[in-house]
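Protein chains: 2
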Amino acid sequence: MVTVSFMPEGKRAEAKIGESLLEVARRSGVDIIGPCNGRALCGKCTVKIINGSDSVSAATEEEKAVLTPRKLNEGYRLSCRCRVVREGAISVFVPSESRSGEYVLLVEGEVFEERLDPVVRKVRVVLPAKVWGALDEAVASPDLPRRFSLHSLQKLSRMADVGTEKELSFIIHNDEVVDVRENCRPLGFAVDVGTTKVAGYLVDLTSGKTLATVSEINPQIAYGEDVISRIDHALKEGVEVLHRKIVDCINELMKKACDAAGSSVEDVYELVAVGNTVMHHLLLSLEPKRLAYFPYTPTTREPLYVMAESIGIRANAEARLFTPPLIAGYIGSDVVADIIATNVYEEDGPVILVDIGTNTEIVVKGDGRLAACSTASGPAFEGAHIAYGMRAATGAIYRAEVLADGDVKYKVVGNAMPRGITGSAVVDIIAGLFKVGLMDRTGRLNTSAGTRRIRVGATGYPEFVVEYKENTAIGEDITLTQKDIREIQLAKAAIRAGMNILMKRLRVKASEVERLYVAGAFGFFLNPISARTIGLYPEIELSRVRLVGNAAGAGARAMLLSGTLRGIAHDVAKKIEHVELASEQEFQREFMEAIPIPGTEAV
Amino acid sequence: MVTVSFMPEGKRAEAKIGESLLEVARRSGVDIIGPCNGRALCGKCTVKIINGSDSVSAATEEEKAVLTPRKLNEGYRLSCRCRVVREGAISVFVPSESRSGEYVLLVEGEVFEERLDPVVRKVRVVLPAKVWGALDEAVASPDLPRRFSLHSLQKLSRMADVGTEKELSFIIHNDEVVDVRENCRPLGFAVDVGTTKVAGYLVDLTSGKTLATVSEINPQIAYGEDVISRIDHALKEGVEVLHRKIVDCINELMKKACDAAGSSVEDVYELVAVGNTVMHHLLLSLEPKRLAYFPYTPTTREPLYVMAESIGIRANAEARLFTPPLIAGYIGSDVVADIIATNVYEEDGPVILVDIGTNTEIVVKGDGRLAACSTASGPAFEGAHIAYGMRAATGAIYRAEVLADGDVKYKVVGNAMPRGITGSAVVDIIAGLFKVGLMDRTGRLNTSAGTRRIRVGATGYPEFVVEYKENTAIGEDITLTQKDIREIQLAKAAIRAGMNILMKRLRVKASEVERLYVAGAFGFFLNPISARTIGLYPEIELSRVRLVGNAAGAGARAMLLSGTLRGIAHDVAKKIEHVELASEQEFQREFMEAIPIPGTEAV
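Protein chains in written order, with the numbering used here: chain G, 74 to 676; chain A, 74 to 676.
If you are wondering where the hints come from, they were derived from the structure by calculation, not from laboratory data.
One should not assume that every hint holds.
Identical copies look the same in the list; a pair holds intra-copy or inter-copy alike.
[To be verified] For lysine-lysine, the following PhoX-like pairs were computed, each having C-alpha atoms within a straight-line distance of at most 20 Å: (1) K482 - K89; (2) K137 - K117; (3) K137 - K309; (4) K203 - K362; (5) K362 - K239; (6) K137 - K328; (7) K582 - K89.
Work out the full structure, taking the sequences as your base and the hints as a guide.
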């Protein structure tokens, strides 16, 4: 058996000699599109071999026909043709172009660096038959701490037979024995509690291996799509209902993951949960009263260890839940996890991290400092408030290119007839319209450009026809309106203004930025070239941009596996400077300047 | 109002000007006998004024008629005549002669030194109306730790109103805020879990004041009177039933104490429980399997902090239970508490501490070391295995004097017709018989001494008539048999042998002993002169003997009030040398030599 790691998820799968990478990927739930169904015709299932090229077959004639020599040279292959041929560690990068996007909920983050120094560990010790001192002294071993929890002592008193030697598993949390078992593989569960989705990772705390990845829509969504409506509900009806919803969801996910891994929730000794400040408060049953009013103060920003049972989580009775620190009311532990996953705190040069959503969090490192802000970018990037906007589900145009003549090439999730446009494709189209001159830098559509695709819509405002009704699944034209463009301009201006303010504060110049990390599901599907074209971020070399997907989940998993990283997270949260944009005088000016395409520098 | 402290209990009561000390004592549950019902006739309600003689009335003519000039000079007064006349701190010693013994279950220990540095404390802090940082940072005060428990954060998030200044009570356990209340007086509950009785002390953790003292028969007694039968039951039926019994008992006592003090169990934030090793294990639901077999290893000897709720104790949800360390299978945390209460660890010279019961624990300090042993003294001192033996209940002869002619003067609990003899009176009688020559030093009754009180009983063995049936409540003679004398000889020999072995090991000579502490309910009623006469302890000056009653309870209360003392308890338990008598070769020889009256030195 050979192990294949799929990046950027970091998902590992066992492969048999002779299997194609596409087969391995599909079997293990890694999302690769393949319209021609493995016949090497469409060239869509491209992957890049990062490591272990010796262990895969040489490029076939079919691949050479589809892929350019340069691509082949860079290590790109068709996953339907590239087969495992001998043992070795194979690492494969699946570019977002090769993903269907149907599994957007399942996108995982890349683990940039793995540290394995978990807080929970297991030690096997032989209890001698003849015990002279106390039982807990009799099992003395240099690997065991002196402290035993009452629960572990109760178990020990029952399991130790008089006069019989016995080997037992001691589960240790930090410097305390918390359980005694005949045998056991201690597991951990990392949870990224998003406003929309909840993702969980079941991890073997000894090997560091991820045993199962699960996700579910956040059931709180029944009480509103965004954090504001969740807060409203909590203030009116009490926090308890929303608290129970998310705890139940975590319990179900954990059970599902344990079932998938052939384990029991009894073996889960630790959980790490990250989320924005509102999700954090609802999970811990902290009333979010003050999060509703400026200056949005959380109850606490400290990292917490609590008995998982005390908030209703059904893992082992001794399981702890660790929640990393928060930075502010609108910058939660998910951002701390982003920072941990991307290693921003250890990089030398200037770095920008942006996690795009309805609220976009921005972190900038520079001048030996770290600063963070949150900006209200609105839901346009997620397809809301866009005439034909939709999420990345079947029928969504998720990538688009505007040709010089105004025609549009696009990709649709599930290769179906289009039903709407995702935020990422909207950005592609706006960037394209600007490039080919169908839209000016103020964002106005050029109605006199000579393309019939630009017309005056029913509302009296200009619009751009992305696809005509003959080719859509909805029986009407799919268009991008002038108003849609304005929505995206406002959204990107909010992000860009926040970025500019942090960069100025830390004296970071765009040309010096060594890395731009784009985190979050939306960012993962966003075409970095289009994003730069519309001015979502400054002129940064594309090679310095990293799409890191669900970095929050990856950071949660990394902290589950490493006590050191928890310490770093605490330091980062204490050190980071929170910039409250609402109280920054320059914000309005920066915002206004960022509205044009590409904005700011072009001024 | 004036405060009167009753010693050796240390019980404090408020008194009004004009009240007699007897009235104050009775109102506050301090046990003083008064057969003449306050008419200054019987002279039984004698107390000694230790402090505050200026605040009480001068001796009346009636008192001068009853008390000797020497007694009066020493500060003795009739409590029925001695009245509070002005403000001041009055401290009164109630000698055991003035106690009825009916309340033997209520005997409290003397607190030798009070330290007030409790682990739980309250801090009042104003939460400002406008909060910029996190809520827990906003209440920052030099008196508050940085750490908040989740429970306290949940409360804080609900209690802090937006835009309103609010003063709140923060309850701190060690270095963590564990609760937030509008207002609250944090209480503690110290419990001495005896095999027979359970005593509880409700304490105000801020002032150190004892608010209520309660006690109850240990309900486990339904499963056997001694620790061996409790272990048997636990091994056959599981530990759970006995565990529940004692937890329920503590819950009831705590509720009763809180009701008496006008408080709620919600205000109890900490408990300290001491007991012998078996009681300790049953309380904590540790299976006592190994306590049944030599070498009697406990599961743990370490001090433990557990959430009280986790073992079913119904105090505040955040209440902790502290159990001090154990020394060995037969030397429990009650002995550690004895040591703490009597300050043995701080005394300079050689000291002996003995806690007499079915198992008698002995602690000796000397040569800069501490050593402890446990010896199986049996139940004779408690009246069991003695023909007319009984506990100190109504009708029990609890003190006796054998006159030169063989007649017996005695005191009966409740001044009733006698029904039997307590262990303490048995010791008085044996000592008396020896002194007046009616018994030789081997313990044999002298049948040819010319008193008709010594006769051959129905069993064919000699016996001594303590009271003839005309004067008893049972319609038959109350006698002390030759076998009874043997039982007491074996019991005292076991204690004396243990004491001798420890003294030799630490090079302690009887003449150098600075203090002999006699702990436990039985020891409190034992006449020290009689005890010395029969050789229960070596020739130690009477002024150096201290009857400290329930020192274990006092020690538990002292540890409830002082984190420092818990640290000392831990040090003491680690440092103390446990001597396992069964493995001491000299034990049999010492035991044999200690059987005669007075034993050992006389040889």
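How the hints compare with the structure:
Taking the closest pair of Cα atoms, K482 and K89 never come within 20 Å of each other, the shortest separation being 38 Å inside a single copy and 99 Å across copies. With identical chains, the CA atoms of K137 and K117 are at most 20 Å apart within one copy only, with a shortest distance of 14 Å there and 115 Å across copies. When the C-alpha separation of K137 and K309 is checked against a cutoff of 20 Å, the pair qualifies neither within a copy, at 63 Å, nor between copies, at 77 Å. For a Cα distance limit of 20 Å, the shortest separation of K203 from K362 across copies, 13 Å, qualifies, whereas the shortest one inside one copy, 59 Å, does not.
In this assembly of identical chains, the alpha carbons of K362 and K239 lie at most 20 Å apart only when taken from different copies (15 Å versus 54 Å within one copy). With identical chains, the CA atoms of K137 and K328 are never at most 20 Å apart, being 45 Å at best within one copy and 84 Å at best between copies. In this assembly of identical chains, the alpha carbons of K582 and K89 never lie at most 20 Å apart, being 49 Å within a copy and 82 Å across copies at closest.
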